[in-house]
Structure formats: C-alpha cells, structure tokens
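Sequential numbering from 1 applies to the sequence shown in the UniProt record's numbering.
Keep in mind that the hints are not guaranteed to be accurate.
[Said to hold, decoys possible] Quick list of in silico lysine-lysine cross-link-like pairs, DSS-like style, CA-CA up to 30 Å: (1) Lys49 / Lys189; (2) Lys189 / Lys48; (3) Lys49 / Lys27; (4) Lys6 / Lys27; (5) Lys91 / Lys65; (6) Lys329 / Lys48; (7) Lys91 / Lys6; (8) Lys65 / Lys6; (9) Lys91 / Lys257.
In case anyone wonders, no lab produced these hints; they're calculated from the structure.
All figures in this text were calculated on a predicted structure; none of them were measured in a lab.
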Amino acid sequence: MGTVKKDNRLTSSQSFSCVGFAGLFSKSATSPLEVVKIKSQVGTFHCKKGFGQTFLIIYQNEGLKGFWKGNLVSCLRLFPYTAVHLTTYRKIVHLHMDELGFISQARAIAAGGLAGVAAALATYPLEIAETRLIVQNSREPSYAGVVHTLAKIRSTEGLLALYRGFSLTVLGAFPFSLGCYVVYTNVDKMWQEPPFRFSPLQNFINGCLAAGVAQTLSYPFETVKRKMQAQSSRLPHFGGVDVHFSGVTDCFVQVVKNKGVLSLWSGLTANTIKIVPYFGLLFACFELCKQICLYRNGYIVSPLSYTPAPGVDQSLRPAELQEVKRYLKNRSFGAASQSTIGNRW
C-alpha cells in the first residue's frame, strides 16, 4: 500500500516553486549528458566513435555551448509539464484512494504513468523543438530559437508535425510503469525491512534503481520517438537521422535492419550515468528550497536544518500560523497569559 503525503506547511505556490527550481538546476547541470544521449538516439555523426569520443567531437565542432543546446526549451517545458503532471496525478490518485488516504502501489504507479502521458501531450511541441535544436548543425543552423523552431515546423511541415512520434510516448509508458512496479514491489526484500522504515538515502537509491530499470525497458520507444522528431525532408540530410523511414513501424524495422537490435538502446550509457546526478541534485535542491520556505513561514529555526521552531504547532497551515502570530502580536497579554496561549499552539 502507498499513501499520498503533502507537506501542508508549504503553500501550493511554494511547493510548485521548489519542484520547478530543483528541476531547472538538475536539468541544466546534466544537460551535456542529455545532449549526448539525444544525438546518439538520432544517430548524428557525433556519436559514430562511441560514448567518450562523442563529447570530444561535440566540443570540437560546437564548443562548450554545444552541450547546452536545447536546454532553454527544456527548462521552459519543465513548468507546464510539472503543473499538468502533478495536477493529473493527484486527480487520478484521489479517485482510487481509500478513506484513510491509502492507495495500492500498482495503482499509484499507473497513475504516475497516465499523468506522464497527459503532461507529455500538453508539452510535446516543446519536446520536438528541443530535439531539433540539439540535433541541428550549429554551423548551418535551420532554427534560431524556440519560437522560430515551432513557427517554422508549423508553417513548413504542418501542425501534426509538432506531435510526430507522440504515440511512442503512450506505448513507452507501459514498460516504464512495469519497471517501476517491479522495483518498488521488491525493495522491501532488497533492504530486508518494511518501506516505512526506509531512510532518505534508501529512498534515493530506490528512486535511482526504479528510474534505471524503467528507462531501460522503455528506451527503444524513446529512441524511435527521437528519430521521428528529428527527421524531416525539409532539413539538410533529413535532419541528421541515421536511417530513413515512413512511419513508426518502419522506423523500428529500418533501425533493426540497418543498425542492429542493440542500436535501439543507443545513448543508454549517457542516460544511465545521468540518473544519479540528476536525481541527486533534484533531491538536494528541492530539500534546500523547502527548508528556505519553511524558515520563511516560521516553522524551523534555520534554513540549513529541519529543527522545529520552539512552541510552533507543525500541523498548522502557513496562513493559520501567520494568523496566530498576528493575533498574539496585536493583543496585550500578560506574561502568564502569553505562556498559556503559546503552549496551546
């Protein structure tokens, strides 16, 4: 069984801001690995000599800025993606939880998969733009920025081109959810203790392991999706894709026929290496932002620790706590009266 836990000491805007900032920082810090992964999936000339040489070839041809191509649109996509994902996830979970707020692990993971599909649908054009910007030849660029990329694809290839390959997001959600389910239903056996006793480090390891297994299982769908996003007859060399195809099924066939089955996992090394720093930075930044917000709200004594502020009822919501503080500040109580009321909250 699982349960949905929300820290009511943060406002909704604070929770969203913490998630957003942590995502921006972790995405930007691991952008070089993301660029290498996407170029490897598409099959551009940069990745012909292996994982290590790809970094060198990108640097020689595009300089350091080449490792952050598409990062702006990736960051812009993060906020609407997070908003839709969280909202959809909570709506689905609330429909299936019991009166105590519990939900089975399988249903929680399925809810996460459905929420991911909904968020991807809402932000898919930005993902298309990210792929095109990363893959394009920086010496002869076809696109000048996010808006120009979206506008040019819309005008030259049609509106449907902005959703090319989306069906693979839906298909990939099934093996992804399966991977998460397999890991999270066996973590208690791995640690030899129940999940409610897991430390933050154990939960972090569980998250990285689940992400690694889930992404590996769904990776072929993402590889084909990236190729479909990048390919265009309107671009030089058909967008730099290493195989030419006419649709989803044909793309799978051409990749296996010309490059071999294992090429469906091209870029998996970069993706796997990225998991630990990405989730580590995401977790650390979120916790730091959360501590700053809790300190500003008056729940903890320092933004560098979770030590509770003396005499503060941690179950109060931010607005309720501020109302109590204003009440105590505006009333002229005697020392005994203040002590009595203070002890109550």
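Here is what the structure says about each hint:
1. Lys49 / Lys189: violated (41 Å)
2. Lys189 / Lys48: Roughly 41 Å separates the two Cα atoms, so the pair is violated.
3. Lys49 / Lys27: This hinted pair holds, its Cα atoms lying about 26 Å apart.
4. Lys6 / Lys27: Between lysine 6 and lysine 27 the Cα gap is close to 24 Å, so the pair holds against 30 Å.
5. Lys91 / Lys65: violated (40 Å)
6. Lys329 / Lys48: Violated. Lysine 329 to lysine 48 sits at ~69 Å, over the 30 Å cutoff.
7. Lys91 / Lys6: holds (14 Å)
8. Lys65 / Lys6: violated (39 Å)
9. Lys91 / Lys257: violated (43 Å)
Checked against the numbered hints above, the structure breaks hints 1, 2, 5, 6, 8 and 9 and satisfies the rest.
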